[in-house]
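Since chain G is already given, all that's left is putting chain X on it; use the hints.
Number of protein chains: 2
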Amino acid sequence: MAIYNFSAGPAVLPREVLQQAQAELIDWHGSGMSVMEMSHRGKEYMGIHAQAEADLRELMAIPANYKVLFLQGGAHLQFSMIPFNLLRGKSSADYANTGEWSKKAIGEAKKFCNVNVAASNTDRNCTYVPAFDTWKLDKDAAYVHYTPNETIGGVEFNWIPNTGDVPLVADMSSNILSRPVDVWKFGLIYAGAQKNIGPAGLTLVIVREDLVGHADPRLPTMLDYKTHADNESMYNTPPTFAIYMAGLVFQWLKKNGGIGAMERANIAKADLLYAAIDASNGFYNCPVNKADRSRMNVPFTLKDANLDGDFLKQADARGLLQLKGHRSVGGMRASIYNAMPLEGVQALVGFMNEFASKHG
Amino acid sequence: MAIYNFSAGPAVLPREVLQQAQAELIDWHGSGMSVMEMSHRGKEYMGIHAQAEADLRELMAIPANYKVLFLQGGAHLQFSMIPFNLLRGKSSADYANTGEWSKKAIGEAKKFCNVNVAASNTDRNCTYVPAFDTWKLDKDAAYVHYTPNETIGGVEFNWIPNTGDVPLVADMSSNILSRPVDVWKFGLIYAGAQKNIGPAGLTLVIVREDLVGHADPRLPTMLDYKTHADNESMYNTPPTFAIYMAGLVFQWLKKNGGIGAMERANIAKADLLYAAIDASNGFYNCPVNKADRSRMNVPFTLKDANLDGDFLKQADARGLLQLKGHRSVGGMRASIYNAMPLEGVQALVGFMNEFASKHG
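For the protein sequence lines, the chains are G and X, in the order given.
Under UniProt numbering, the first residue of the first sequence is numbered 1, with each subsequent residue one higher.
Under UniProt numbering, the first residue of the second sequence is numbered 1, with each subsequent residue one higher.
Please note: incorrect hints may appear among the correct ones.
For chains that are exact copies, the list does not tell them apart, and a pair is met inside one copy or across any two.
Here are the simulated PhoX-like cross-link-like pairs (lysine-lysine), alpha carbons at most 20 Å apart as the crow flies [claimed, not checked]:
id	residue 1	residue 2
1	Lys139	Lys313
2	Lys226	Lys104
3	Lys313	Lys43
4	Lys139	Lys290
5	Lys226	Lys90
6	Lys226	Lys303
7	Lys358	Lys313
8	Lys43	Lys290
9	Lys303	Lys358
10	Lys255	Lys290
11	Lys185	Lys139
12	Lys313	Lys303
13	Lys110	Lys90
14	Lys103	Lys358
15	Lys104	Lys303
No wet-lab data here; the hints were simulated from the structure.
Note that the coordinates shown come from a computational prediction; the quantities given were computed from them, not determined experimentally.
Isolated chain G, as found in the complex:
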């Protein structure tokens, strides 16, 4: 039986990537070592590390004046590192509040600066993207932070806020590499790896050079982007195996047509799933405004919540795994990242239609 894993993260990885990792797990390229056993200062690992960065730069067309950092601590540690590094003597930053992950970023930033909530969608239960002409930006803000894709709420931006000279900061944890993005429009992009990049334990930061080097020297050395930028992410031992896995994913993306091809596939998958929800005569419901629906995380409820348990049990029996929604939203959530094949979504839709016709 084919297994399709709809986990929101850690999440499905490309089968070919796992097969390659398995084949070379004990002896990488005849070195006699597992990647996990390699000194991070040795030529073998240094090559893996440099190739991963080069491939990511190519895939995302990252300009030369941006640093790529491979860090640890997840988006949660970035919630502190961003104000530490980007306030640059200012006392206030703008944040858009569009869901659970925005709220976490805001909550942590409030420890370190004044947070101006420039936009919010809480008036309609976080189910839409606030139009840009309603944003109340502060021209003196140190930066503007937003969450292009809300993993829990399933709300995704289809546009990039134009914040002029104020650096734009984006938590792309759950939609990085899923669509082309103009990196030059951002001051800083960050992402936990465990959704669309690789295994948990790696955090990617892409930061414009002029924003590096302004952290207060009294803060922890490890929380200063300059520490890592000056040492090519090798100030301390990096999470070498996670970076190697991310590198394999980058190569897989390149082999499969890059991010443009990925976007087309992601649109096809999302369209198929949303169409099934919308055609179910209300048996299934996605509360998100149609124009703002996420291509990555599809939350939906059953009309009769008493059927949730049966739905999950039967889905599981068919190899459709990890569909339970986040406790704050309830119902179901299907995360359909790059590595989820179209066949997985087809299998899910087939099951959903069958379940609806039995119980509708």
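Same frame as chain G, now just chain X:
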């Protein structure tokens, strides 16, 4: 040809552990998922996580009033987290300076408190452990920090400082699990995983409960031990695959007689190597005071440094890898952690004797 990897870290892992990881890399126990693909909130991963902690508690006989935390950021991030959490309103901490890693810990702590260097071995180039009766401890210190094994200098404590009511803090990155340790004598033990535990990207912290909960709430949430202690290391997504690998290593340790058996094997390996150095009539030299020589990291120089290149090249050709010493010490360094088999040290000693008789 057998390959023996003497890297100081990331370092050799037990062959059986790598084989098991390889066998279940794509489909863990019939789940249809790689461990890397599992939600950290799912029953499969939760089981792996709990088992790893239980096995570690058993191996180290960790008392019930200690928390075990699986964190990220390495020893370097602990250098900040320790003063943040353990100062508890005090302004000063005692540090023993016994080498490069002590110095790094001291340098970072100086950002956050007064550091009293209670003991130092810099008068003899960091080649010995200062006798405890020479330590100038401050009875009002918030804690006493030391480095039981200096990975670069190859100096190891064979005793535990008795600091009375002042909590003792130890960076055990390079000798944890290599010998039995009375955990109850410590306030906090920490270790980067990439030497004797598992892959890089995981940091282990064992902390006495009464020392948790005193961090300044204005500091980053992620740097407060309480955040992680209250959430069983799942406040945010943990480095799941690294924890799984550590768990396999813990099971391997249990299968092979536990830490007591490991210590006997480590003594045998270290004795063999140091004996070869000392019997070489000065062809090889280890500068470390004999009573304080590390069982884990064995630095040695060649009498004629012009032969260093030949030594490394020939060693490499025999599958004896990563023997180059740290740039601050020069010469060679053989790291012989738990996962290095006796055969590896025998092969190294065989080569060293042969090389010496050719060039001596």
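Quick check: which numbered hints come out false for this structure? 1, 4, 6, 8, 10, 14 and 15
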